[in-house]
Amino acid sequence: EPEVTQTPSHQVTQMGQEVILRCVPISNHLYFYWYRQILGQKVEFLVSFYNNEISEKSEIFDDQFSVERPDGSNFTLKIRSTKLEDSAMYFCASSEPGGSTDTQYFGPGTRLTVL
Amino acid sequence: DAKTTQPPSMDCAEGRAANLPCNHSTISGNEYVYWYRQIHSQGPQYIIHGLKNNETNEMASLIITEDRKSSTLILPHATLRDTAVYYCIVAPFSGGYNKLIFGAGTRLAVHP
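For the record, the sequence lines run as chains A and B.
Its first residue numbered 1, the first sequence is counted upward by one per residue in this note's numbering.
Its first residue numbered 116, the second sequence is counted upward by one per residue in this note's numbering.
Hints listed in this document are in silico derivations from the structure and should not be mistaken for laboratory results.
Where hints are given, some of them may not hold.
Said to hold, decoys possible - The calculated BS3-like cross-link candidates involving lysine-lysine, where the alpha carbons are at most 27 Å apart (straight line), are:
id	chain 1	residue 1	chain 2	residue 2
1	A	LYS83	A	LYS42
2	B	LYS214	A	LYS42
3	A	LYS78	B	LYS184
4	B	LYS214	B	LYS184
Stated by the list, open to error - Among chain A residues calculated to face chain B with C-beta under 10 Å, some are:
id	residue
5	SER27
6	LEU30
7	ASP63
8	PHE65
9	GLU68
10	GLY72
11	PHE91
12	THR103
13	GLN104
All figures in this text were calculated on a predicted structure; none of them were measured in a lab.
For each residue, glycine too, the CB sits at the ideal point set by N, CA and C.
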């Protein structure tokens with residue numbers, strides 16, 4: 001069964017450093033998303049992406065964040081200068097266009113720890 | 116904010132049916148009810164969705180009331196591996212992208 005994959009599973013970085021989280025969405029999906037979950041809190045929407053541009057972003061997704069689809073398979077989330085409060089699980093999701101529903105399928109997540 | 120209300124926690128004995136309720140009294144006509152679950156800190160796992168008819172798949176059944184203001188997710192024979200946080204999410208069908216707004220969900224504990 002097709003699945004969303006994410007790398008790395010765990011990333012440790014120093015405050016102020018740049019990190020790139022990578023995702024490989026399901027191959028025929030064209031809508032991509034990033035969510036995050038701070039430990040013990042709710043899953044929060046960050047951004048959605050379609051046709052090489054952002055469809056919607058949340059208040060969390062400020063200028064420190066960017067997304068990119070650098071090739072036909074990868075979808076990345078970049079945090080330019082990490083802060084302690086960026087420590088969280090980051091989940092990538094994808095959905096199929098033109099289907100009867102907008103069901104999103106999630107990856108296993110990347111745990112980001114900012115020291 | 117989430118448009119659904121769920122009990123914070125529930126217990127279920129292994130092998131018994133787990134019935135997880137969800138209230139979505141402000142649901143609109145074009146909004147679907149989605150159920151996801153999250154085991155530990157893994158990525159949310161899609162379970163089932165419905166608009167107004169009852170639905171069943173290999174994982175669960177979804178019962179939606181006639182007025183669509185509430186629904187129940189049924190795991191017919193719960194196992195220990197079904198211990199997870201279950202999220203009921205209401206979202207409109209857009210034919211394309213959508214964002215999911217997660218609430219706190221129901222923490223289901225399945226015990227032997």
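Hints, one by one, checked against the model:
no.: 1; hint: LYS83/A / LYS42/A; verdict: holds, 19 Å
no.: 2; hint: LYS214/B / LYS42/A; verdict: holds, 14 Å
no.: 3; hint: LYS78/A / LYS184/B; verdict: violated, 40 Å
no.: 4; hint: LYS214/B / LYS184/B; verdict: holds, 21 Å
no.: 5; hint: SER27; verdict: violated, 17 Å
no.: 6; hint: LEU30; verdict: holds, 8 Å
no.: 7; hint: ASP63; verdict: violated, 20 Å
no.: 8; hint: PHE65; verdict: violated, 15 Å
no.: 9; hint: GLU68; verdict: violated, 17 Å
no.: 10; hint: GLY72; verdict: violated, 19 Å
no.: 11; hint: PHE91; verdict: holds, 5 Å
no.: 12; hint: THR103; verdict: holds, 6 Å
no.: 13; hint: GLN104; verdict: holds, 6 Å
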